[in-house]
Amino acid sequence: MPLKRHQAQWPWHALLGLILLAMAVGLWIATKRVNYEWRWERVPQYFFYQDERAQSAPLAGVVSQIRPDGAYSRVDIKPADGGAPAAVAVETETLKVKAGDTVAEGDEIGAQRHWQIGPLTKGLWVTIWISFVSGFFGLAIGLVAGLCRLSPNPTLRGLAVFYIELIRGTPLLVQIFIFYFFIGTVLNLDRIVAGVGALALFVGAYTAEIIRAGIQSIAKGQTEAARSLGMTAAETMLHIVLPQALKRVLPPLAGQFISLIKDSSLVSVIAITDLTKSGREIITSSFATFEIWFTVALLYLVVTSLLSQLLFWLERRFARSD
Amino acid sequence: MIKVNNLTKVFASRGKPVRAVDDVSTQVNKGEVVVIIGPSGSGKSTFLRCLNGLEAFDDGQVIIDGVDLGDSKTNINTVRREVGMVFQHFNLFPHKTVLENVTLAQRVVRKRKADEAENKAMALLTKVGIAEKAHEYPSRLSGGQQQRVAIARALAMDPKVMLFDEPTSALDPEMVGEVLEVMQQLAREGMTMAVVTHEMGFAREVAQRVLFMDAGKILEDAPPAEFFTAPREPRAQTFLKQVL
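As they're listed, the protein sequences go chains A and B.
Counting in the numbering used here, the first sequence runs from 418 upward without gaps.
Counting in the numbering used here, the second sequence runs from 2 upward without gaps.
Quick caveat, the hints were computed from the structure, so don't treat them as lab data.
Don't take every hint at face value.
Sample of chain A residues facing chain B (criterion: CB under 7 angstroms; computed from the structure) [stated by the list, open to error]:
{"id": "1", "residue": "G638"}
{"id": "2", "residue": "T640"}
{"id": "3", "residue": "E641"}
{"id": "4", "residue": "S645"}
{"id": "5", "residue": "L646"}
{"id": "6", "residue": "M648"}
{"id": "7", "residue": "T649"}
{"id": "8", "residue": "I657"}
Below, in silico cross-link-like pairs of lysine-lysine (BS3-like), each with a Cα-Cα straight-line distance of 30 angstroms or less [what the hints assert, rightly or not]:
{"id": "9", "chain 1": "B", "residue 1": "K4", "chain 2": "B", "residue 2": "K161"}
{"id": "10", "chain 1": "A", "residue 1": "K694", "chain 2": "A", "residue 2": "K679"}
{"id": "11", "chain 1": "B", "residue 1": "K161", "chain 2": "A", "residue 2": "K421"}
{"id": "12", "chain 1": "A", "residue 1": "K694", "chain 2": "B", "residue 2": "K4"}
{"id": "13", "chain 1": "A", "residue 1": "K637", "chain 2": "B", "residue 2": "K242"}
{"id": "14", "chain 1": "B", "residue 1": "K4", "chain 2": "A", "residue 2": "K637"}
{"id": "15", "chain 1": "A", "residue 1": "K637", "chain 2": "B", "residue 2": "K114"}
{"id": "16", "chain 1": "B", "residue 1": "K114", "chain 2": "A", "residue 2": "K664"}
{"id": "17", "chain 1": "B", "residue 1": "K134", "chain 2": "A", "residue 2": "K664"}
{"id": "18", "chain 1": "B", "residue 1": "K74", "chain 2": "A", "residue 2": "K637"}
{"id": "19", "chain 1": "A", "residue 1": "K421", "chain 2": "B", "residue 2": "K4"}
{"id": "20", "chain 1": "A", "residue 1": "K694", "chain 2": "A", "residue 2": "K539"}
{"id": "21", "chain 1": "A", "residue 1": "K637", "chain 2": "B", "residue 2": "K128"}
Just so it is clear, the structure is predicted and the values come from calculations on it, not from any experiment.
Even glycine gets a Cβ: it sits at the ideal position worked out from N, Cα and C.
Build out the structure end to end from the sequences listed, making use of the hints.
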């Protein structure tokens with residue numbers, strides 16, 4: 418009997434499929450139990466919807482003629498006092514007058530429809546850009562704090578340790594409240610600035626530790642080789658140590674930024690209308706609680722998976738020299 | 002070229018101080034090849050690393066080409082660019098190609114133009130016989146090839162002195178020859194060299210002087226012919242009996 422045995426893999430794949438299916442069925446039964454009525458058809462309108470804007474007659478007069486113009490109709494109104502005629506364009510489907518009708522000023526003639534971006538899309542966008550901006554600043558803060566953490570200067574090192582321990586030892590929710598209500602009030606900050614600031618400081622502390630670990634993981638011989646060529650400590654860090662360290666910490670950094678996207682949902686507590694807050698607002702008016710929360714979760718999942726794919730691709734590109 | 006007076010380096014390991022280099026005085030003249038041998042832990046690598054300030058020594062004086070390393074007015078970086086160093090584990094920069102390894106310090110430290118640095122690098126890579134690998138990453142090279150690139154990288158700074166810290170100890174036996182050949186060629190061209198090595202053949206053929214170190218002290222300083230045939234120190238005699 419050889420030590421290496423060939424076992425068929427498909428029964429295990431089948432088992433996996435079966436388990437996932439069982440979970441889906443369980444979910445379905447559970448919602449049946451609570452008599453929840455699914456209304457998925459209500460969800461799309463919160464991404465995009467058609468806004469109807471009523472068009473009214475600008476002046477009193479008689480509808481002289483109606484000319485079709487694609488999906489629109491152009492309604493010409495001739496004023497009773499013989500002034501200049503006015504034209505109103507409305508969608509043919511919504512047309513409420515016919516030629517020869519007398520209209521008073523302000524009478525509804527029809528409506529124009531426009532596609533509008535719904536609250537879920539707006540919230541998603543807010544979540545993405547808040548995460549991106551705070552991630553950018555967080556990376557910068559983390560880089561500086563990580564370098565300070567390794568500095569031979571006790572003051573810089575102490576400050577970095579203080580910052581990292583302070584942030585890592587307190588909940589993000591509390592930090593957001595302090596940043597908004599205390600620092601935001603003292604410095605008169607906008608809520609968005611406070612939210613981004615709190616997130617950036619939060620992610621910066623974790624990034625600092627990741628970067629410190631990355632720098633320390635680079636073999637001492639690299640620094641020695643660079644210094645022996647006459648490079649200064651700063652040049653060595655810039656050209657030799659940091660590029661290698663950043664490449665090495667890319668996977669944990671990716672995890673940190675994926676966490677950041679999810680953690681950004683906490684800024685909804687200071688009334689920033691991100692994806693989570695949009696979801697909550699929609700639920701108060703639509704009562705489609707389950708659908709909206711599932712949709713919100715799915716949107717977060719899509720964003721985080723896209724980011725992890727992007728970072729995976731970056732990682733493979735950097736692996737060229739391995 | 003190198004002058005060492007009463008050099009002392011103490012390591013405080015677990016509260017017990019170890020005198021890795023203990024009151025060593027010697028000198029290396031211009032164009033001279035000095036080989037430092039001795040049992041492991043005798044302080045020969047530490048001594049060599051003190052010569053370019055990689056190891057901060059506790060006492061004594063190191064003077065390179067008239068510049069005192071310990072002087073507070075000395076900029077250690079300007080001294081180091083005159084002193085090339087080759088390491089046991091090559092320490093090439095893995096994220097840079099072979100060519101970039103050789104050009105980087107020229108550009109950053111010597112502020113040379115890109116094409117000037119590249120020409121210089123290619124000439125040196127040709128000299129060490131590895132020009133065809135210029136655009137590869139170090140991880141694709143064998144140990145012997147990596148060490149030759151490391152030598153080219155050090156030479157690119159136009160050093161006045163070259164320090165070799167066991168340059169062949171991490172190599173497979175069949176690659177030792179190619180590295181020693183490059184070093185031999187350098188010696189013939191009149192480079193001032195200080196070499197820590199276990200290659201007795203190299204010491205015998207190339208060195209003008211052999212320094213035998215044990216317990217942080219230089220016990221013997223003699224031409225190779227004399228050292229290998231009639232060592233005076235009993236410890237040198239025992240050492241030679243074991244390695245030859």
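Now the hints, each set against the structure:
1. Hint status for G638/A: holds, given a least beta-carbon distance of 4 angstroms to chain B, under 7 angstroms.
2. Residue-level restraint check for T640/A is violated (minimum Cβ-Cβ distance to chain B is 9 angstroms; threshold 7 angstroms).
3. Of the supplied interface hints, the one on E641/A holds, with its beta-carbon coming within about 6 angstroms of a beta-carbon of chain B, less than 7 angstroms.
4. Because the smallest distance between the Cβ of S645/A and any Cβ of chain B comes to about 4 angstroms, under 7 angstroms, the interface hint for this residue holds.
5. Residue-level restraint check for L646/A holds (minimum Cβ-Cβ distance to chain B is 4 angstroms; threshold 7 angstroms).
6. The beta carbon of M648/A is positioned within 7 angstroms of a beta carbon in chain B (closest approach about 6 angstroms), and the interface hint is therefore held.
7. Annotation: interface hint on T649/A holds; nearest CB of chain B at approximately 5 angstroms, less than 7 angstroms.
8. The interface hint given for I657/A is met, as the beta carbon of that residue sits about 6 angstroms from the closest beta carbon of chain B, less than 7 angstroms.
9. The suggested pairing of K4/B with K161/B holds, with an alpha-carbon distance near 14 angstroms, which does not exceed 30 angstroms.
10. A C-alpha spacing of about 13 angstroms is found between K694/A and K679/A, which places the hinted pair at or below 30 angstroms, so the restraint holds.
11. Using a Cα cut-off of 30 angstroms, the hinted pair K161/B and K421/A is violated, with the two alpha carbons roughly 59 angstroms apart.
12. Distance hint between K694/A and K4/B is unfulfilled; the C-alpha atoms sit about 73 angstroms from each other, more than 30 angstroms.
13. Between the alpha carbons of K637/A and K242/B the distance comes to roughly 35 angstroms, so the proposed pair goes past 30 angstroms and is violated.
14. Between the alpha carbons of K4/B and K637/A the distance comes to roughly 27 angstroms, so the proposed pair stays at or under 30 angstroms and holds.
15. Only pairs whose Cα atoms come within 30 angstroms are accepted, and K637/A paired with K114/B is accepted, the gap being roughly 29 angstroms.
16. Of the pairs offered as hints, the one joining K114/B and K664/A holds, with about 28 angstroms between alpha carbons and a cut-off of 30 angstroms not exceeded.
17. Proposed proximity of K134/B and K664/A is supported: the alpha carbons are some 24 angstroms apart, at most 30 angstroms.
18. Only pairs whose Cα atoms come within 30 angstroms are accepted, and K74/B paired with K637/A is accepted, the gap being roughly 27 angstroms.
19. As the CA atoms of K421/A and K4/B are separated by approximately 64 angstroms, the hinted pair breaks the 30 angstroms bound.
20. Pair hint K694/A plus K539/A holds up; C-alpha atoms about 11 angstroms apart against a cutoff of 30 angstroms.
21. Of the supplied pair hints, the one linking K637/A and K128/B holds, its CA atoms being roughly 29 angstroms apart against a limit of 30 angstroms.
The structure fails to meet hints 2, 11, 12, 13, 19 from the earlier list, while all remaining hints are met.
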